[in-house]
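Build the complex: two chains, separate frames, hints provided.
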Amino acid sequence: MLLEKLCNADGVSGNEKEVREIIKEYAKDYADEIICDTMGNLMLKKCGKSSKKTVMISCHMDEVGFIISGINKDGYLEFQSVGGIDTRVIISKKVRIGKDKVKGIIGLKAIHLTTKSEREKVPKESDLFIDIGAKDADDARKYVKLGDYAAFDTEYEKLGESSIKAKAIDDRAGCCILCELIKEELPYDTWFCFCVQEEVGLRGAQIVANRINPDIALVVESTTCSDVPGAKEHEYVTRMNYGAAVSIMDRSTIVPKDFSQWLYNTAEKNGIKVQYKSLVSGGNDAGAIHKSLAGIKTASVSVPCRYLHSPVSIASEKDIEAVKELCRKYLTGIDEII
Amino acid sequence: MSYKLKTKTVFTGDDNLEKIIEELSNMRGISGFEYRINEKIAKMFEPYCDSTQIDNLGNVIVYKKGKKSNKKIMLEAHMDEIGLMVSGIDENGFISFVNIGGVDSRILPSCEVIIHGKKDIKGVIGAKPPHLQSAGEADKSVKIKDMTIDTGLSAEKVKELVSVGDSVTMAQSVGMLKNNNYSGKTLDDRAGVAAILEVFRRVDKIDADLYASISTQEEVGLRGAKVSAFSVNPDMAIAIDVCHAVTPDNSKEAFEAGTGTVITIGPNIHPKIADKLFEISKKYDIKTNTEVESGNTGTDAWAIQITKTGVPTALLSIPLKYMHTCVETMNLKDFEATVSLTERFVKESDEFSEDWLCY
Chain A
29 MLLEKLCNAD GVSGNEKEVR EIIKEYAKDY ADEIICDTMG NLMLKKCGKS
79 SKKTVMISCH MDEVGFIISG INKDGYLEFQ SVGGIDTRVI ISKKVRIGKD
129 KVKGIIGLKA IHLTTKSERE KVPKESDLFI DIGAKDADDA RKYVKLGDYA
179 AFDTEYEKLG ESSIKAKAID DRAGCCILCE LIKEELPYDT WFCFCVQEEV
229 GLRGAQIVAN RINPDIALVV ESTTCSDVPG AKEHEYVTRM NYGAAVSIMD
279 RSTIVPKDFS QWLYNTAEKN GIKVQYKSLV SGGNDAGAIH KSLAGIKTAS
329 VSVPCRYLHS PVSIASEKDI EAVKELCRKY LTGIDEII
Chain X
50 MSYKLKTKTV FTGDDNLEKI IEELSNMRGI SGFEYRINEK IAKMFEPYCD
100 STQIDNLGNV IVYKKGKKSN KKIMLEAHMD EIGLMVSGID ENGFISFVNI
150 GGVDSRILPS CEVIIHGKKD IKGVIGAKPP HLQSAGEADK SVKIKDMTID
200 TGLSAEKVKE LVSVGDSVTM AQSVGMLKNN NYSGKTLDDR AGVAAILEVF
250 RRVDKIDADL YASISTQEEV GLRGAKVSAF SVNPDMAIAI DVCHAVTPDN
300 SKEAFEAGTG TVITIGPNIH PKIADKLFEI SKKYDIKTNT EVESGNTGTD
350 AWAIQITKTG VPTALLSIPL KYMHTCVETM NLKDFEATVS LTERFVKESD
400 EFSEDWLCY
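Keeping their order, the protein sequence lines are chains A and X.
The opening residue of the first sequence carries number 29 in my numbering; numbering runs sequentially from there.
The opening residue of the second sequence carries number 50 in my numbering; numbering runs sequentially from there.
Heads up, some of the hints might be wrong.
[Unchecked claim] Simulated crosslink set (DSS-like; lysine-lysine; CA at most 27 Å straight-line):
1) Lys177/X to Lys144/A
2) Lys170/A to Lys127/A
3) Lys285/A to Lys81/A
4) Lys129/A to Lys171/X
5) Lys144/A to Lys171/X
6) Lys149/A to Lys192/X
Please keep in mind that the hints were generated in silico from the structure rather than gathered at the bench.
Here chain X stands alone, though its shape is the one from the complex (with noise of 0.2 Å):
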């Protein structure tokens, strides 16, 4: 069912950037579950806009009326978040899981977590000890059908408070490390959430209707984002969302942390916006990377570009350090970027012909 939400609240959260993103990152929501978490986001993005609503999937969409209301921009991001689902319980209270969107079963062994049952409950993730492990198991990762959540109850309180279906989150919050690196256990993409919202906070009103999508199910088919570019239906839009960040094990396809927002180009990508996202970063100054994209681009810039008619879409990316871990770090630098290359799009779209898009 639809849910509107009917008084407007103030967001009473600190007013600090860094504040926000940690809000948003320890947020526990994982794809289909965002219902935890979406009328929280609804609220932190009300004193920025004219209304949000929750659709079918979840999702949330913000508007803010535009004064000519030409044309309609859409944001994006999504919300959820990859993590675990409970899948049994044994006779001892152990509980067993598998896991929801990319989860590289190596970060799990001793992984603090939240268990979403009937309240929340803590947990750690065990494995038998190596001890126990025979000659050739040393140097083999744990597979998620060998590990169990202990929660310390008892088997009878175990079954009370958790069911099968329930949904698990990592536990893990980090903060800042040194030149401006943050940490957190979900940035990918709440990085992305927190960036469009502090676009909603700088752009006034703008000629054409800007709209946010904060998105659902990104994580296991870019499913939410699909059907929320059906009901806005923008004119253009564009997708934030993160990429990878060079680390010392790896160098491919990813960027350093701390050079800029990157655009994305290829053929998920309007080129017309793609083109001006660069002018418009040269015209300001703000640091930027292209990444080059043969195909599918991962993220939900894929789903939505192919929406009813067809969206003039692009991507812009915050480098990312560990994607999928439950350390994940970005370079407050890189976000800066990517939020001011939005705000300036934003407020220079009431300057784009009527017909800037066509071919």
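The shape of chain A in the complex, shown without the other chains (with noise of 0.2 Å):
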């Protein structure tokens, strides 16, 4: 299944070739040309029935993870993340590094050696570190080098009646998405974007907007869902099961309001589940790609995914299928909207 090899291949942010890969494999036989740029941006086209307009759908191939920063002299490794990773998540870990993929562990001194107050506190991450075995920094070396990337070792898996755990859910869901979407017939010449260095930046998409300078753009995102215990209800942002998340907006991008508006109206004629993301938090691509070139009418419109940017988050199949079904109204509705 596309998804699961998806989530389960590597991508952290500035290494996301894996993912491209595999994307480009599957896709390629329905676009009508492929761009790849110099940052690894992903640009397949597919032309439509008119060319009067330049219609463009993105994700984001990469995921939060790290980079090996240090080999310290017992043959530990020290490490950076990439991304916006909460350290409480990490302890305890799985990981694997480079093109390799060698195992690594994240581990942390037995309880039995801690004090109380030791327990409260988070470690910083620049005391944790990576255990691969090695006997000393010279032996490390053979495995490892300065700047390899590393990943969450975590195996996708069906969980419960019809939601997913894995790894980079955010933003595989959209790529899988859009890989779906590559092959239907469209009113207008689409661009169907797979962008680098999301995480660090909204960096790729930045890129690629100023490359295909589109008349209409759609982001297709994984964002924060907090209905769970100890979030307060309009604390939620979204709500698993309920639908695609559309936003209104958030700390990147103020979405022209008839564009979310016609999101939100047309999922809802169309039976589709939809809610709006109910709280000003994060950013995605939409705030680099609307500010490009001479401003770009963008909106977005996300999966909602439990656990964000840990080892093992969590989303619902029916609301990832909501958000393709969205998707696909957007790419064949654009007359109703410019």
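Shown next as structure tokens:
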């Protein structure tokens, strides 16, 4: 299954190759033109019935992870996180490093050796380390070099009745949706854009938008879903199984009201479950795209995703399906928006 | 009710030691819930002994009859693991939990788990996301009472399958790292169980009756070994457990992984057995380290020593990194040293004089 393959692939920001290859292999037969730029962004053009309008739909290939920043004398690896990772979720977890996917673990000394006050504090990222079982620095260098990327070592699996658990659902869910939709017959020339480096500052999407110069753009994302105990209802952002999440605004973008409204109403009209993203938090590639060139009309629609940016996120297959259906309506209903 | 296995079945697992360690480490039985695994463990021992028995507390007692049956030697390791227990289910199906045994709450956020309800159910431990934390909360660890397990199931389904009191284990398994370093969910103390199994495989009949107690409830207070030692009533016992290995965040009370098995000395340990262990390790060039423990070793050896009229007891430990996390890591060289030393000790026991343990 494509989503499983995409989530199990490693593509920490700056190192998206593995993901890009899967997408290229899957979607190339449906594209009329393929561009891979110098930063690694993948753009696939699908010619429509008309070239009067240029439509863009985008997602990002990269995921949060780590980069190896040092090897100490005993052969343990120092690392920095790439993208926003809460240190709390990485302790006692597995990672895989570099091209050879060297197995590593992020350990923590035994509870027997800690004091109560120590246990109440989260260790600093700089105090943690990755253990690959190396004897010393020289031995470690046989397997790992500085600058190697490390990704969470989590297997994609079904969970519960209609959910999935995996790493990097943010934003492989979006990648998967785009890969499916490129098979459609479309009214206008449409660029399916798979961007790099979203997690480190919306960097890939910037140059993609500059190149494509679309009349309209839709960002397909995965976003925070905090409908969990401890959060109040107004803090949920999105709710799982409540459908596609349409953004009104986040820290990076204020979506043109008519566009977000159109998405919401179109979903409702067509029996697609939809919700508004209800808290101003985070940002996504829309932030870079809407300010590109002379300005681009941009909106975003997201898959609600619990435990985002952690080794194991959860999303609902029904929500992913809802986002896909809403994106399909967008691609075929451009005339109603612009 | 005590339970006796009637038929002898041949252990079908791979002969490969690593596979055996993996099989044991991946078993799921927290303290008090060893009934989930004790029959499987008994079956693993069956080809290498005369009988196995499961007692009232769930201990597996393995017996290999001696040629002379002139004394009884008991090897001991514990099968239980630390874990969690369901303490509540909320209206949306999120499951709250408590810890069983010493669990550092810092390893739990985003940990994958398996809930052993009416059937095994996968879940993920979640907590309030970082963007909702107030200033000052960010560097505080999340308390167990503020975490829940998310199963992706509806509340009705969760309530149908899960009950308060169900056990929960960590789902993660790791495998081999570089240089014979093996990492797993539960090497404390399934590594000890694997070591004893391997000793039983390697040792044929000796003069003495050879017993093994694969004990329950060590993590909650050395309970299983107390009663198994009572029923076996051995003339001497060797407990095999884990001790701390050196890591970048700790070098105190710890031994470098890969430098051998650890022989403990102190009031918990019969000095003559310890001396014999050192002597044999020298004779066969088995690498050892010495741990001095001024009192409670925190292992089943502490309970076994004062069973009935007293049992001369020793303790061998395998250095383990990140004990009580889901990435417990040992070096297979230390495992092998522990097995070899125990094997040699047991084999040489035929030569021990009748009164060698008297002061």
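Holds or violated: are the alpha carbons of Lys149/A and Lys192/X at most 27 Å from each other?
-> Between Lys149/A and Lys192/X the Cα gap is close to 11 Å, so the pair holds against 27 Å.
For the pair we were handed, Lys144/A and Lys171/X, check the Cα-Cα distance against 27 Å.
-> Measuring from Cα to Cα gives roughly 30 Å; hence the hint is violated.
Take the C-alpha atoms of Lys285/A and Lys81/A, compute the straight-line distance between them, and say whether it is at most 27 Å.
-> 21 Å, holds
Regarding the pair Lys170/A and Lys127/A, is the alpha-carbon distance no greater than 27 Å?
-> Holds. Lys170/A to Lys127/A sits at ~13 Å (cutoff 27 Å).
Is the straight-line distance between the alpha-carbon of Lys129/A and that of Lys171/X 27 Å or less?
-> 26 Å, holds
Is the hinted pair Lys177/X and Lys144/A satisfied, with a Cα-Cα distance of at most 27 Å?
-> At roughly 22 Å apart (the allowed maximum being 27 Å), Lys144/A and Lys177/X satisfy the hint.
Violation of the numbered hints given earlier is confined to hint 5; every other hint is satisfied by the structure.
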